[in-house]
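Asker: Just so you know, we're using this note's numbering here: the sequence shown kicks off at 50 and counts up by one.
No wet-lab data here; the hints were simulated from the structure.
Glycine included, every Cβ here is placed at the ideal spot set by N, Cα and C.
Treat each hint with caution, since some may be false.
Simulated crosslink set (SDA-like; lysine to any residue; CA at most 20 Å straight-line) [said to hold, decoys possible]: (1) LYS191 with LYS98; (2) LYS98 with SER151; (3) LYS304 with SER151; (4) LYS191 with THR175.
Simulated restraints, written as ranges between beta carbons of each label pair [as the list claims (entries may be wrong)]: (5) THR292 with ASP252: 18 to 28 Å; (6) ILE339 with THR113: 19 to 29 Å; (7) ARG207 with GLY140: 27 to 37 Å; (8) ASP253 with GLY140: 42 to 52 Å; (9) LEU319 with PRO96: 53 to 63 Å; (10) LYS219 with LEU310: 40 to 50 Å; (11) LEU360 with PHE212: 24 to 34 Å; (12) LYS239 with LYS334: 18 to 28 Å; (13) GLU182 with ASN314: 13 to 23 Å.
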Amino acid sequence: IHRKLSVNVNIILNMRILLLTLIFYLTILPDQAEAESAFTILSNWNPEKTEWQTLKSYEELLRTNLPKGKFLVFGPSTIPTEHQFKMSTLGIFDFLFTQAHSIPDKEKAAFLLEIWPHRPADLRKTAFWQALEEHYNNKGLKILSAISSGNGYHLLLRNKPNFCSLEGAKISVPPPFDGFVEQLSGVPIKRNRTITQEDLKNDDLEGFFAPIREHSSLSWSKNVRFRTQPIGNINHLIFINLTKWNSLNEDDQQKIYTASLALENKIYALRKRRAGGFFADLQKKNIEAIDFCESQTGLLNDAFAKSLLELSSVRPSLLADQLKQLIRIPHSKH
């Protein structure tokens, strides 16, 4: 009975997605000539979210670079994130704007981009990037942009940690990163949303793991007084369906590629500038920056890297020597 219910739910969900897609093409792209000149794009975020500004910047760059008449058409925001990747690989939509750890890819290859705060130009020079491109080519997609914020996550704590450990401390953390807290002997309390005022009032929690933007924008409880240095890196990605890409002439490919590189550099510079304001805001709130472990300065980043490597099941060739050197993981351990 449960199996039949599950199958029926999946059928209904798939029909709903197909119906939304059909409505999208009939209402947004009514003219065939117009449809042939437009690029359709799916996004993890709706227009109310901050990330949408990145997508709008990309649209502006494409409008500047591409011939007149070529433009982006935004797909329906009602398509669940877990289905967007598949719809892009099938070519139902041309572009996909997503976050590394949101990709329902069992190998979680792009997840490894979160390990270190790479500069856009530096990433593309690595053997890791080449292997990552090959990995997603095999799935029917081409990576156009890996948009690094240049800023990572932070642990924000009520008390200073002792002995380079979170021994037994309950830490509120998004599901992809619970292994990181466990690496530090802490107890992860999973959350599937941004931090709320109720979380801050929870005396059972010793701290939170979240991007710097979330730390700065919230009114933190008076008991929270310490933050660690940045850990890892936040990445957004833009893919294009590989068949669509191969169907374009070389001139259009080059213009899209140029716009994608320009977007990486623009967002990286913007996020680095904004980070200064976030840190200043935390300082005004008397939240002190601390070294989590003076005797092992790289402990947090090493634990973060190890947890992501364990979570990912990419084939060994994807863990190129250059990546291992960047994250300081000895060869003998992998």
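Asker: Which earlier hints turn out false for this structure, listed by number in ascending order?
Answerer: 1, 3, 5, 6, 7 and 9
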